[in-house]
Amino acid sequence: MTEIDVNLIAEGIKNAIDKISCEVEPSCAAALCAARDAEKNPTTRFALDVMCKNVEYACEQHLPVCQDTGMVVVFLKIGQDVKLTGDFLDDAVNGAVREAFAPLRKSVLDPVSRVNTKDNTPAVIHTSIVKGDAVQAEIMLKGFGSENMSQLYMLNPAQGLETAKELIVQTVASAASNPCPPVIIGVGLGGTFEKCAEMSKHALFRRIGSANPDPVLDALEKELLGKINALGIGAQGFGGATTALGVFIESYPTHISSLPVAVNVLCHCSRAAKFTISEGGVSYE
Amino acid sequence: MSEIRLNMPFDKEELRRLRAGDNVLLSGEMFVFRDAGHKRLFASIEAGKPDIDYVGETVYFMGPCPAQKGQIMGSCGPTTSCRMDKYTPFMFDHGLAAQIGKGKRSPECVEAFKRNGGVYFAAIGGAGALYSKCVTAVKEICYPDLGTEAIRKITVKDFPVVVAIDSCGGSVYEE
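Residue numbers (this note's numbering), protein chains in the order written: chain G, 1 to 285; chain U, 1001 to 1175.
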């Protein structure tokens, strides 16, 4: 049994928010520059150039890359051999969010009264128990221009994978210029209604250019990326070669009656980080 | 690509000359507000006592980050415009000159731009840090309780935008 103080997790989350609000995830920043260099449409190239310069300037000056510093999404994988000590975990995470958001935009409110919570809490926290004696944390600042464009479909088995592919591409086509393309697409295939949505969110932690360990899903990701880029929406919807920087799929077995498909849309500024806490301390990926 | 420099409030004739796809650097004063600001403004209009006079003005759909040390305004890129589509025809029919945001607009909005010689500019979504460099002054106008969604007036210098939909209905979003 390894004891881990939840305040260490909270500190990691606070530091991560401070960093990722200003620094776009490196593989995403590199993909954005590559898209600019390859773009032939002059208006779109201008937009991509502004986007790349913004990423650079925000990082250099330590300024929020986008004014929508998002809602905080945290995935915590807690080793079964870990004993958490200190405060209640969710309170510690939300305490970290509260502190880290003091200089950032407070975008979280009650859905009924529309009254702002004024400190960007609560975070959306997904905890799961895994093997081992460490805690792995994945954290993302999720903007809602792109979140609003996301969709969940409960398909019939008869509709099958072909319809799923069409709907994934259609979701990006309908979103058009709204989610600040070039977008990153997280896809959940299978599971239940909520499992599918959660997978589509978690898929967005993949690095741009990384291969899916499952060769069938890897081929599907490449096929979908090709079809999405063939839409020609381009950066900011101005038309062009790059509509998406990546498509990432997670799958889970589902029921004989269904094929759930979730499409979570992310903008061109991926703000995500991962770290692990073990007996040896905190290590950032 | 040639760049056009324009001052706000706009000269209506200059606005009419713009074409979709033009790159423009804007300088001068504009209103800033988004979802909640529009909702409350329209409640005041319906009550017969509008809280602001927007005739001849420009509205930028944006809710800023708090200003960081040494900044006049924090990160301040555009938000998605289509959420403000329902308010837009009325505002142009009652004298609004231009809007700035990101993303496509409804056919009703495009008709309102054409009917009134209005223009819709696209700012570059996500470029919040760079846009903060263009802001030279901020005035709080109303609804401070709305926080980032309050109505403000900002002064900008060389604020880069693209003409997304021009006064003839030409659109950068159409192939």
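Derived from the structure by calculation, the hints contain no laboratory data. Treat the hints loosely; a few may be bogus.
[What the hints assert, rightly or not] Footprint (simulated), chain G over chain U, 3 or more residues, beta carbon under 8 Å:
| no. | segment |
| --- | --- |
| 1 | 1006-1019 |
| 2 | 1074-1086 |
| 3 | 1099-1107 |
| 4 | 1151-1160 |
[To be verified] Below, in silico cross-link-like pairs of lysine to aspartate or glutamate (DMTMM-like), each with a Cα-Cα straight-line distance of 20 Å or less:
| no. | chain 1 | residue 1 | chain 2 | residue 2 |
| --- | --- | --- | --- | --- |
| 5 | U | 1069 | G | 110 |
| 6 | U | 1039 | G | 99 |
| 7 | G | 53 | U | 1003 |
[What the hints assert, rightly or not] Which residues of chain G face chain U? A partial, calculated answer using Cβ under 7 Å:
| no. | residue |
| --- | --- |
| 8 | 63 |
| 9 | 66 |
| 10 | 284 |
Owing to the predicted nature of the structure, the values given are computational and were not obtained by experimental measurement. All residues carry an ideal CB built from backbone N, CA and C; glycine is no exception.
Next item on the list: Against the earlier hints, flag every one the structure doesn't satisfy and list their numbers going up.
Entry: 1, 4, 5, 6 and 10
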